[in-house]
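Which chain is which? The protein sequence lines are Z and D, in order.
Here our numbering is used: position 45 in the first sequence is 45, and no number is missing along the way.
Quick note: to get our numbering, add 84 to the position in the second sequence (first position is 1).
A portion of the hints provided could be inaccurate.
Said to hold, decoys possible - Pair by pair, the computed Cβ-Cβ distance ranges are:
| hint | chain 1 | residue 1 | chain 2 | residue 2 | range |
| --- | --- | --- | --- | --- | --- |
| 1 | D | V733 | Z | A5 | 25 to 33 angstroms |
| 2 | D | S855 | Z | D31 | 52 to 60 angstroms |
| 3 | Z | R69 | D | S887 | 20 to 28 angstroms |
| 4 | D | M865 | Z | D29 | 34 to 42 angstroms |
| 5 | Z | I76 | D | D609 | 33 to 41 angstroms |
| 6 | Z | D29 | D | E516 | 27 to 35 angstroms |
| 7 | D | V892 | Z | T61 | 29 to 37 angstroms |
| 8 | Z | V17 | D | D89 | 41 to 49 angstroms |
| 9 | Z | D31 | D | C623 | 57 to 65 angstroms |
| 10 | D | Q533 | Z | T61 | 44 to 52 angstroms |
Since the hints were derived computationally from the structure, they do not count as laboratory data.
Source: prediction; values computed, not measured.
Don't be surprised by glycine CBs; every beta carbon is placed ideally from N, CA and C.
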Amino acid sequence: MTIGAIYLNDDEIKNHVLVPKHEILNAKDKDAVLKKYNITVEQLPKILKEDAAIKSFGVKTGDVVKITRKSVTAGISTYFRTVI
Amino acid sequence: MVMIDKIKFKLLSPKMVQKMSAVLITTSEVYDADAYPVEGGVMDTRMGVIDPGIRCKTCGGRSGECQGHFGHIELAKPVYNILYLKQIKTMLTYTCNDCGGLLVDKDKIKDDKTLNKLTVPKTCPVCNEPVEKIKFERPMSFKRGNHVITAEEAREHFEKISDEDCDSLGFKGGRPEWMILTIFPVPSITTRPSITLTSGERSEDDLTHKLVDIVRINQRLLNNLEIGAPEFILDDLWELLQYHVATYFNNEMTGVPPARHRSGRQLKTLSQRLKSKDGRFRNNLTGKRVNFSARTVVSPDPMISVNEVGIPEKIASELTIPIRGTKDNLDYLKACILRGPNAKGGANYVIRPDGLKKKIIDMNKEYIMNEFAEGYILEKHISDGDIVLFNRQPSLHKMSLMAHRVKVLPYKTFRLNLTVCTPYNADFDGDEMNLHVPQTAEARAEAEQLMLVEQNIRSPRFGGPIIGGVQDFISGGYLITREGTTISKELASQLLFKVGVVVVLKKEIYTGKELMSFILPKGLDIEYQANICKKCDVCKKEKCMHDAYVKIVDGEFISGVIDQKAISPFKGKILDKIDLEFGHSVAVLFLERITRLATEYLMYRGFTISVSEEDVPQSVKDAISEFVDVHFVKVYALIDEFNKGKIEVQPGLTPEETLEGLILSELFEVVNKSQNLIAKEAKDNDAQIMAKTGARGSIQNLTFMAGIIGPETVQGHRIFRGYKDRTLPHYKRGDLSAEAHGFVKSCYKTGLSPTEFFFEAMKGREGIMDSSLKTRISGYMQRRLVNALQDILVSKDNSARDSIGRIVQFVAGEDGIDPSKSDGGKLIKI
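Only chain Z is shown next, with the shape it has when bound in the complex (with noise of 0.2 angstroms):
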C-alpha cells in the first residue's frame, strides 16, 4: 500500500465542502466589526496568512476575513479572523 497526499488547487479548496466562505473586509467593514464589539484587533480570533483557504486572496497582516459557515446551533453563523 502506498500512502501519499492529494493536493488541491486553489479553486478546489475554496470549493470544498468542508471549506466555509471566507472574504476579506474593506476598510469600512472592518472599524464596523472592531466597533460593534469594542476591541481591538489584537482581540480578534487569529488565522494565519499562509492558510490555505485565504492564501490566494493575497491577505496582508492586520486584514480581518469573515468566515460564514454551518452551525450546529444557529444554522449559519459569521465569525471574525484577523491575518497574522
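Chain Z is already provided as a structure; the job is to place chain D on it using the hints.
Same frame as chain Z, but now just chain D:
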C-alpha cells in the same frame, strides 16, 4: 490598566547574595545553653522573627510585619548547583577549557535541538588547543577524559567565556559561573519557622536541619584547609559538602541517597516543598482549606423540601452567620444570645464596634446580651431558612454545588430530598457531602438567586429537567394512576393530608387519576405516549388499551399513567412542561407533592419483589428452548457453509469475520425473541412494573433472571481466548459451535453450568475493567478541558471572551441561547 510586560528569571550572583544578606552564618550551633539563638547560627534573630512580641533586629518590624531577611554562608570551596547540571554540561561541552572560546559555529546554533546535533571539533577553533569530550557522571560530576572536573575548575573555565558566546549558546539570565555556588544564600526564618511542641520542645523545620548540615561540613572543611590537611581528607569533605548542598535543593535525585531525619523520615527540602500533589502549588495555592464548612454522611428524607437540606444540630451550632445589630433586629438577636452557644438557634461570638471579639459561653451570656447594642455584630448559628451551599465531589458540573435552605434536624447526617440525588450523583451507601456557609448578605443573595436548587432544575447540557422523581416515586405514581386503582374517601383524605393539599372530598370512591388531578396545576395541558407504550402501529390515543396515552386537560388527568416519562430526570415531560409554563417554584411544589403521594401510596399498598417474581410458565420455557434449537440449527448450517467455503463474504471482512458476525446476530436473535416473549407473557408483578415504568431494572434484566442469558461477548466478539484452537478442554479443537464459544443456555434462576459460569465470569471481568478504565480516562480528559476553558465567560454583548477580553465566539454558542433557560436547546415559545 497596568500590564505586566514580562517577568525575567535570572541567576542569583554571589554579589547579589551578599547584598541581600543580613548576616554571615559561621557556626553550626543553633541555640545556646539558655535556649537562645546563637549569633551567626542558622536561627540568628537578624534573619526575621516568628515569635509574637519580639521586634526584628534588622528592620524593627514585628512578627507579621517583617517578612524575613536572607543570610549567607561563605563556602570553603565552590560546589555545583545541582538544579543547573544540564546547563553546566552544555557550557563545558561547547566552550574551550583553555581560552573560553566557542567550539562550534555560532551561526549554526538555532535552539537546543540543533546545538545537540553539532559535532565538537578535536581542537579549539580559537586557540588550537586539543579538546576532550565531556562526560556527565551520575549523579553529579563531570569528567574530561579520566580527569574529574571539580566545581572550582569549572568555575575558572566559565569565567573565561565571553558574554557574546554565552548569548549564542542560548544562556540567559546572568553569568555561567553563577551556576556554581560560592556564596550560599540562607533563607529567612519565616521561610522555615520552628514549631514549639506542647511539651515545650522545639522542632525545627527540615530546611533548618539541612542548613545546619551544610554549615557544619563547611566549617570542618575550612578548618582542615587552614591546618593543611592531606588531600584525600579535603576531597572527602568537599564531596560531603556537595552532597548536602545537592540534597538541600532536591532530596529525590536518582542515584543520591536521600538525606534523612533522625527518625528516619526523608527530609522535605526545596523541590519537595513545591512539587506534586502535596506541594505548595496544588495543596496550598490551587486548593485551600476553608472555614465555615462542614462534612458528613448524607441520608435521604422524602419529607423535606427539594430546596432544603437537613443539618444536624451539632453542626448547626458550630457554623455561624455574622449579623449586624440594628434597631429592628435587636430583640431577635438578643434572644439568640440568651440561648447560648450550645442550644439550637443560639450564637457563638459577639464583635464589638471596636473590633474586639468575645466568645459567648453559658456563664456570660446574660452579661453579653445586656451589652449588645446597635452596631455590634453577632455570629449567630445557622437556623431554618438560611442559605447554605451544598456540594458533592467530584464536582463535574454546576449542579454539583447548589444552594439549599437550612433545616436543622436531630441526628448526625445531612438529609437531602431524593430528587436532587441525580444532579449530585449521590446515593446513600456512605456518601459524604460538604456544606459551606456564605458570610455576607451579597453572597447569600447571589447564592439564592443563582444557585438555589429550583433555579437549577433545567440542565445547561440538554435544556431539560435534571431533577426529578426516581425509583419508588415512579412505581408509586404508576400504581396510583393505573386503571383499576380505587381509593376510598378515608384513604384519599389521608394521602392528600400527607401531601399537603387541602380540598373538600365530595365523592366516596376516587380513582387514582382523580387523586392525581388534585396536585396538577390548573391550566396544564399535555399529551404524550408514556414509557409503558407498546408502540402499536396505529395509536388509538386516549382510547389506548394499555392506558399508555397520557392526556391532561386543564390539570385534569384524563388518561394514561404516571411513569418515567412523566416525572423522571432527563425524560419527565409533565415536570418539564410545568417548569416551562408555571415557573420553577410551581415545578418544585408539584415534584414534592407527587413524590410524597407516591411514597405514601406505596407504603399503604406495599411494594416488594421475591424470587417467585422471576417464575415463568412452562410454555415460555419450552418456547425459549425451541428458539435455541432453531437458531443452533441455523448456526450449524452457517458453519457448514463456511467449511465448504461457500459463505458469502461481506465487503471489508475476511470469511472468518463474516461467519462470526452472522453467528453472533443469529444467537442474539434467541435473546431478543425470548425477551419479547417474557415481556408479553409474564405476570403483572412488582418486578415487571419496575421494568416497564422505568423505575428500576429492565426487561433484559428480567430475561437474564427468568429466561436465558445467551451469547457472552468480550470486546464485541464471541469468546475465543484460552487454549490452542479452543476455549476450554471440554471442547474439540476448532469447534465453532455456539456452546464452545460462550453461549449460556441457562438463566440466573436455574443456575449456570461450570463452563457457562466461566464464560460469564470473563464477560463480567470485562465490564468491571471497562467501567474503571473509562471513568479514569474520561475524568482526566474532562479535567483538562475544564482547566482550559474555565475562564471563558459570556460578556454583556453576548460574545464569549477570555480573561483579557479576547473574543472566542462572537455569539456565545453561535446561537446565543443559554440551554439552561431553553426548551431542549430551542428558544422557549411564549
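Tested hints:
| no. | hint | result |
| --- | --- | --- |
| 1 | D:V733 / Z:A5: 25 to 33 angstroms | holds (32 angstroms) |
| 2 | D:S855 / Z:D31: 52 to 60 angstroms | holds (56 angstroms) |
| 3 | Z:R69 / D:S887: 20 to 28 angstroms | holds (26 angstroms) |
| 4 | D:M865 / Z:D29: 34 to 42 angstroms | holds (40 angstroms) |
| 5 | Z:I76 / D:D609: 33 to 41 angstroms | holds (35 angstroms) |
| 6 | Z:D29 / D:E516: 27 to 35 angstroms | violated (57 angstroms) |
| 7 | D:V892 / Z:T61: 29 to 37 angstroms | violated (21 angstroms) |
| 8 | Z:V17 / D:D89: 41 to 49 angstroms | holds (45 angstroms) |
| 9 | Z:D31 / D:C623: 57 to 65 angstroms | holds (59 angstroms) |
| 10 | D:Q533 / Z:T61: 44 to 52 angstroms | holds (46 angstroms) |
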